[in-house]
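If you're matching positions, the sequence shown starts at 1 in my numbering and goes up one per residue.
Read the hints as simulated data drawn from the structure, not as lab findings. One or more of the hints may lead you astray.
Distance windows between CB atoms, simulated [claimed, not checked]:
#: 1; residue 1: Glu27; residue 2: Gly59; range: 32 to 42 Å
#: 2; residue 1: Met21; residue 2: Arg64; range: 29 to 39 Å
#: 3; residue 1: Leu32; residue 2: Arg5; range: 15 to 25 Å
#: 4; residue 1: His25; residue 2: Arg57; range: 31 to 41 Å
The structure displayed is predicted, hence computed values, not measured ones. Just so it is clear, CB atoms sit at the ideal spot from N, CA and C, and this is done for glycine as well.
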Amino acid sequence: MNIDRAVFAFAGFVILLSLAMSRLHAEAWLLLTAFVGLNMFQAAFTGFCPLAKILKRLGLRAGRAFS
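Please model the complete structure; the sequences and the hints are all you need to start from.
Below, the structure written as structure tokens:
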């Protein structure tokens with residue numbers, strides 16, 4: 001698995017988790033969904049993703065999006 005796929009998988013997991021938590025506990029969990037969406041949006045234009053930097057340090061190989 002490369003960094004790109006790991007970032008998308010993690011973002012998808014966090015979004016689904018926050019949606020479930022908003023239904024089970026409090027609607028404030030939707031702020032986490034908004035944060036992930038905004039981070040993905042800015043990464044599309046800037047190429048900067050904090051998770052990609054962490055995964056690179058952990059030894060995952062680079063993909064095309066986050067090098």
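Starting from the hint list further up, note which numbers the structure goes against and sort them upward. Violated: none.
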